[in-house]
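Participant: Use the sequences and the hints to build the structure in full.
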Amino acid sequence: MLSIQEPSRSSMFSCCKDLDLDDLFAYKTYKTVRVRHRTLGLVYYITMIFIFMYTGLYTVWYQEGYVQSIAFVGSVRSTAQQPAVIYPTDPYCLPQGSNQTPTGTFAPVLPCLFPDYSSGLYAQVTSGQDGALMVGSRVSITQQERDLSCANLDYTCNNFKTTVPKQSFYMGGFENSTIVIQNAVSNATQQAYGGSQDLIVDSFITTRPAATMTGPTGLSFQVLPMAYGDQFTVGQLAWVAGLELDAIFNDPTTGGADASLRYDGQTIRIRVVFTGDRTRWDQQAYYQYFVSVNDMEAKTTWTDQTSVPIYTIDPISGALLSNGTNTTRVEYDLHGLQLIYSIEATLNVFNLPTLFLSLLSGAGLLFVAKTTADSFLLYCAPKRKDYRLFVEQLTPDFSPDSAESRTLLEKILHKKRASRAKIEQGRLTMSDAELGNQPLVAADALGALSVSPRDATAPVADVTLLRGRSAITAQGQAAMTSVRGEA
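Going by my numbering, the residue at position 230 of the sequence shown is 1080; the numbering climbs one at a time, nothing skipped.
Derived from the structure by calculation, the hints contain no laboratory data. Accuracy of the hints is not assured; some may be wrong.
With a straight-line cut-off of 30 Å between C-alpha atoms, the simulated DSSO-like cross-links for lysine-lysine are [what the hints assert, rightly or not]:
1) K878 to K1272
2) K881 to K1220
3) K1266 to K881
4) K1265 to K878
Facilitator: Printed below as a string of structure tokens:
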């Protein structure tokens, strides 16, 4: 009957009883050669200093190679409000009770209407990158009536004809009207920047400082921080943007006719910029407003939809019929300041991978400097062949072509193995007799001997390891004795 005997505990660990932890965890490193060459060394160390300065001072410190800008998500919106009190002293408004007939063309002075901005009639939200608001400064009204001579679905006939010509009006108290801007930062951005702290200050922080609005020419003012947002007047916005609303110029879009910004309108871009750095002493992130202007006319048109004819389908014939009850409509042409908003941020936080990449670039430059110096030493220097004797280590031919070379290889390998075995067994301390009998072993163990093929047949007595303060060969002693005798 076949029986299986389990291995004993002692036999299981027999394979590890001779294991040397020094061999198992041995550390491998590289030899270095110290080249005594002042010019090469001076150039190399100066280059090293410049690389350290470039990496530490410029890349890490000046360029802040340890910070990373986080992704930002926010929103902005604004509204316009008419002034609380309107004084009838605006120079662009006709005096009350004037009998002048309104006109549909440009005039520096026109009848004025109440700036009904809160109802959304003369201040409307328009399309923009992050939102836009049209604040009307002039409105033109055209009254039309449905042309009954046009048949239903006759697309060649204009269904409406003008009954009251175009009449233009300015908005009274325009400069004193107010604009309110609200901005908010997403919770994800707050957490990415401040963690559990709300370090990014937006317009919903009631204790926020007053933000500054800066124009394209450097003019600036501080907005009024309110509980419901940042407030400023249209006059302040026009001033910081450098706009003269009543200055007359030739409008190229109308063949060079006279116009003004109050009459044509103007597009203004307002950027809400958040700035914060968690690596600085003040870690709070604040926002500012930056204003820029372009030459685009700002206008929007719409029709009073309650006056548009209503089309119905005849239940008997299925024909499309128009309901004749709504026979008039009003067209509005609104011009003013179109505010286009955008929100952006530069929020920096400390980032270890970014710092590591900055230091890694410096290490790469050090490697390039080292490689360049070594390449010059070995391949370009005038004494490159002499330098190679110290830098490069020559081994015997491992593919010998002759018996002499094969014998030499075996001798050197035998002595190399013996020398290494003594080091590994901790028996490097050898007597003088052993050193004298095995000069190749001792010298090779200390790295002080090179053997060429023509040295293989040299007598062992001709090779002597220099030890102590002086050492001479047997031939040297005989030569010295001969000289003394002749003297």
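Participant: Each hint needs a verdict: does it hold in this structure or not?
Facilitator: Consistency of the hints with the structure:
1. K878 to K1272: holds (19 Å)
2. K881 to K1220: Satisfied, since the Cα-Cα distance of roughly 15 Å is no more than 30 Å.
3. K1266 to K881: OK: K1266 and K881 at ~18 Å, within 30 Å.
4. K1265 to K878: Holds, at roughly 23 Å.
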